[in-house]
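Chains as they are written, first to last, in this note's numbering: chain A, 620 to 742; chain B, 409 to 866.
Derived from the structure by calculation, the hints contain no laboratory data.
For glycine and all other residues, C-beta sits at the position ideal for the given N, C-alpha and C.
The reader is advised that the hints may include incorrect statements.
To spell it out: a stretch of chain B is covered by chain A in this simulated footprint if at least three of its residues, at any positions, have a beta carbon under 8 angstroms from a beta carbon of chain A; those stretches are [what the hints assert, rightly or not]: (1) 671-681; (2) 689-699.
Below, in silico cross-link-like pairs of lysine to aspartate or glutamate (DMTMM-like), each with a Cα-Cα straight-line distance of 20 angstroms or less [to be verified]: (3) B:K843 - B:D631; (4) A:K715 - B:E555; (5) A:K715 - B:D784; (6) B:K514 - B:D784; (7) B:K724 - B:E453; (8) A:K688 - B:D682; (9) A:K715 - B:D631; (10) B:K484 - B:D435.
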Amino acid sequence: MTSDNIIEVPLYEIAHGRTGDKGDRLNVSIIPFDDSGYDAIAEQATEARMLDMFRHRGATEARRYDLPKLKAFNFVIENVLQGGVNNSLNLDGHGKTLSFHALTMTVRVTPAILAAAEQARGD
Amino acid sequence: MSVQRMHIGNAAGFSVDRMDVGGPVADALIESGQPAALFYETLAERTLAIAQRERRRDPEKGYTPDLAGFVRPVLKRCVSSGIPIIGNFGAANPIGAARHLHELAKELGIEGLRVAVVDGDDLREDIRGLRTEKWGDEKPLDLANTEILAANVYLGAQPIADALDLDPHIVVTGRVTDSALALGPLMQNFGWAANDWDKMAAGVLAGHLLECGSQITGGYHADPGRKDVSGLANVGFPIAEVEADGDIFVTKPAGTGGVVNTRTVKEQILYELDDPTHYLTPDATLDISNVQVEQVGPNRVRVTGARGRNAPETLKVTISADGGWLGEGEISYAGPNAMARAKLAAKIMRERVNHLGLDCDLRTDLIGTVSIHDGDTGELTASFDGEPREVRMRAAANAHDEATAALVAREVESLYCDGPAGGGGVRRSTTWRVKTGSVLVPRSDVKPRVTLVTEDDL
Numbered sequence: 620m621t622s623d624n625i626i627e628v629p630l631y632e633i634a635h636g637r638t639g640d641k642g643d644r645l646n647v648s649i650i651p652f653d654d655s656g657y658d659a660i661a662e663q664a665t666e667a668r669m670l671d672m673f674r675h676r677g678a679t680e681a682r683r684y685d686l687p688k689l690k691a692f693n694f695v696i697e698n699v700l701q702g703g704v705n706n707s708l709n710l711d712g713h714g715k716t717l718s719f720h721a722l723t724m725t726v727r728v729t730p731a732i733l734a735a736a737e738q739a740r741g742d
Numbered sequence: 409m410s411v412q413r414m415h416i417g418n419a420a421g422f423s424v425d426r427m428d429v430g431g432p433v434a435d436a437l438i439e440s441g442q443p444a445a446l447f448y449e450t451l452a453e454r455t456l457a458i459a460q461r462e463r464r465r466d467p468e469k470g471y472t473p474d475l476a477g478f479v480r481p482v483l484k485r486c487v488s489s490g491i492p493i494i495g496n497f498g499a500a501n502p503i504g505a506a507r508h509l510h511e512l513a514k515e516l517g518i519e520g521l522r523v524a525v526v527d528g529d530d531l532r533e534d535i536r537g538l539r540t541e542k543w544g545d546e547k548p549l550d551l552a553n554t555e556i557l558a559a560n561v562y563l564g565a566q567p568i569a570d571a572l573d574l575d576p577h578i579v580v581t582g583r584v585t586d587s588a589l590a591l592g593p594l595m596q597n598f599g600w601a602a603n604d605w606d607k608m609a610a611g612v613l614a615g616h617l618l619e620c621g622s623q624i625t626g627g628y629h630a631d632p633g634r635k636d637v638s639g640l641a642n643v644g645f646p647i648a649e650v651e652a653d654g655d656i657f658v659t660k661p662a663g664t665g666g667v668v669n670t671r672t673v674k675e676q677i678l679y680e681l682d683d684p685t686h687y688l689t690p691d692a693t694l695d696i697s698n699v700q701v702e703q704v705g706p707n708r709v710r711v712t713g714a715r716g717r718n719a720p721e722t723l724k725v726t727i728s729a730d731g732g733w734l735g736e737g738e739i740s741y742a743g744p745n746a747m748a749r750a751k752l753a754a755k756i757m758r759e760r761v762n763h764l765g766l767d768c769d770l771r772t773d774l775i776g777t778v779s780i781h782d783g784d785t786g787e788l789t790a791s792f793d794g795e796p797r798e799v800r801m802r803a804a805a806n807a808h809d810e811a812t813a814a815l816v817a818r819e820v821e822s823l824y825c826d827g828p829a830g831g832g833g834v835r836r837s838t839t840w841r842v843k844t845g846s847v848l849v850p851r852s853d854v855k856p857r858v859t860l861v862t863e864d865d866l
């Protein structure tokens, strides 16, 4: 992307997602509203950056699984739930609210990608 | 020639799901005129320890407490239309659940109810004698020094298919893998072989899509102005129309709220998934990397491309043990300087726990900032620079014993008089915790059992 018009936005502007838990492991799906957002997410929403988003909770590893046919990503984050529903002192032991934390990660996109996302989500 | 489809409906995705949602699903299944089944998934991972405790207190109990609440609205119409109801609401006492269902039938004036019970999942008495393997990289529970409250193996779809061969009105199970509640009737209806991996995978996927109820029909999805969903107060629960070759059409009953679109379906496909090429179930290893979704009509999404590989040789057993006690208390501060007063309250709580020498792990939260996304160290909250007009201080502690947990919660209430100015709205609670761990056992050591319970057996 070399355009001067590149805009930095939270993932929330171009994607949606959902979390699920298994023990102390969290998964977060990141799904572009429009397929055109897929490559920008693939390039920029790296495992290392996702791990950084959750380091304050003690996360030790983030894995990303790409689903080019479904046009979606599955992030799996280890040791992020402080014991999970068994043992966590967090009000949200399941980590159900955390998709909206993951969606605050920023990405740089072209105006066309942002416009396509806005169009797709019906703004 | 029309393609034969089996319609699988779901009317509960967890034990505290709405109890009035089954009617529209049952009606849609009846109206389709196609082979159909209606299932309820009401068993969370830790539920069985609590259910075992209930059963020890009362040998007739130990099944899902809301069993009658779930089944009452649909039983008559499902019995008269020949649509089997399938549910894991047997929990720690599937036979007890069967007896309870007979009482319900009597109350509703239904005669000749046939309930098939699937059990053999309860390994509490046997687990110490079985050859077990570690489950993944999880640190195993120290079984030798642990009182096992529950140990249940995840059974697959075959015993459910076998149960349906007995032509029951209801199939009650204990622990089965959630997706088996849909795959079982599909196997039985289509005669799918248990080693036809792509078919098994398609049925597992259908079950996975439905097992959380409304999470595929607009629940757990709405974000106003962004992902709008209308009618969630009357959200329709899902129906999967599954073809003999494994193609799936996800929809919901007419006249209900919610929405079925490619977004709701994608979110649910990836829900609680790890490696998308290795979704392990007792029935098949599902690979969703080729799955595609397509909106083919209003509230109608076609899902294709599930691939399967052989099922694992071992089955997962979840073991529950005493997990100590959680004590929680909350108090609100509002108006000018609310944040500083809430912070002071949190500081006082930490000092009090030290002062009293309480043996516990303490966490404090400032609800109204970003505390729920924070870790136990409060790093995120410390960097929060807003000035909310209302902040709720929460203290939570894990302790070995109930008395310590209760004392931490009580200390929050003491803040009324002994803490910062203007603290109000204290709520406190003490909760017993269950910890779980999983192991693998050889498939050959697991013996699922199917029993038909009729009025004559009571």
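Now the hints, each set against the structure:
| no. | hint | result |
| --- | --- | --- |
| 1 | 671-681 | holds (count 9) |
| 2 | 689-699 | holds (count 4) |
| 3 | B:K843 - B:D631 | violated, 33 angstroms |
| 4 | A:K715 - B:E555 | violated, 30 angstroms |
| 5 | A:K715 - B:D784 | holds, 17 angstroms |
| 6 | B:K514 - B:D784 | violated, 53 angstroms |
| 7 | B:K724 - B:E453 | holds, 12 angstroms |
| 8 | A:K688 - B:D682 | holds, 17 angstroms |
| 9 | A:K715 - B:D631 | holds, 14 angstroms |
| 10 | B:K484 - B:D435 | holds, 11 angstroms |
Of the numbered hints stated above, those contradicted by the structure are hints 3, 4, 6, listed in ascending order.
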